[in-house]
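Work out the full structure: start from the sequences and follow the hints.
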Amino acid sequence: MGDKENTNAIPTPPLGGRGAPFSKGECLKHYNWGDDCHGWTFIDTEALSVKQELMPPDTAEQLHYHEKATQLFFILKGRATFSIDGETTVLKPEQGIEILPGQKHFISNNDRSDLEFILYSYPSTNNDRINVAP
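Counting with our numbering, you get residues 1 to 134 for the letters of the sequence shown.
I should point out that these hints are in silico values taken from the structure, not numbers from a laboratory.
One or more of the hints may lead you astray.
[Said to hold, decoys possible] Okay, derived cross-link-like pairs now, DSS-like style, lysine-lysine, Cα gap no bigger than 30 Å in a straight line:
no.	residue 1	residue 2
1	Lys51	Lys77
2	Lys104	Lys29
3	Lys104	Lys77
4	Lys92	Lys68
5	Lys29	Lys92
6	Lys29	Lys68
7	Lys51	Lys29
8	Lys68	Lys51
9	Lys92	Lys24
10	Lys92	Lys77
11	Lys104	Lys24
12	Lys68	Lys104
Predicted, not measured: the structure shown is a model, and the values here were computed from it.
Right under this line is the structure:
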């Protein structure tokens, strides 16, 4: 083969196509949630959603559960405090946790710095969130 450059390179498909790169700047959707929290949707199908979310210090979401979706949280930056079925777990960067359908949960950022994480939901949580009254 030698040192010849590959002239048969496959062009990168546009955003949304299989194999296409994505980032916070090039995502399907940016959204605000909660108390000044932000999210970026990278993949959004019925079978799977992949998002990156940012929570400023001293923020939390409401206690809730999903009937169908399993969620995987992977921490990128900061410390995440999870309440899952009444038990507290604290995660630091490069740690993750799985939350199964029916488990009542919420995430909070009790630190002084931003919390950023990747959130995988399968199937998607679209129309599959039941908030629990406080």
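Status of each hint after checking the structure:
1. Straight-line distance between C-alpha atoms of Lys51 and Lys77 comes to about 15 Å, which keeps the hinted pair within the 30 Å bound.
2. A C-alpha spacing of about 27 Å is found between Lys104 and Lys29, which places the hinted pair at or below 30 Å, so the restraint holds.
3. Pair hint Lys104 plus Lys77 holds up; C-alpha atoms about 24 Å apart against a cutoff of 30 Å.
4. With a CA separation close to 27 Å, the supplied pair Lys92 and Lys68 stays within the 30 Å bound.
5. Between Lys29 and Lys92 the CA atoms are separated by roughly 26 Å; this keeps the pair inside 30 Å, and the hint holds.
6. At roughly 23 Å between alpha-carbon atoms, Lys29 and Lys68 fall within 30 Å of each other, so this suggested pair holds.
7. The suggested pairing of Lys51 with Lys29 holds, with an alpha-carbon distance near 9 Å, which does not exceed 30 Å.
8. The suggested pairing of Lys68 with Lys51 holds, with an alpha-carbon distance near 18 Å, which does not exceed 30 Å.
9. Taking the CA atoms of Lys92 and Lys24, the gap is about 21 Å. The hint holds against a cut of 30 Å.
10. In summary, the hint linking Lys92 to Lys77 is supported, as the alpha carbons are separated by about 7 Å, within the 30 Å threshold.
11. Note on Lys104 and Lys24: the hinted pairing holds, with a Cα-Cα distance of about 29 Å set against a maximum of 30 Å.
12. The suggested pairing of Lys68 with Lys104 holds, with an alpha-carbon distance near 13 Å, which does not exceed 30 Å.
No hint from the list above goes unmet by this structure.
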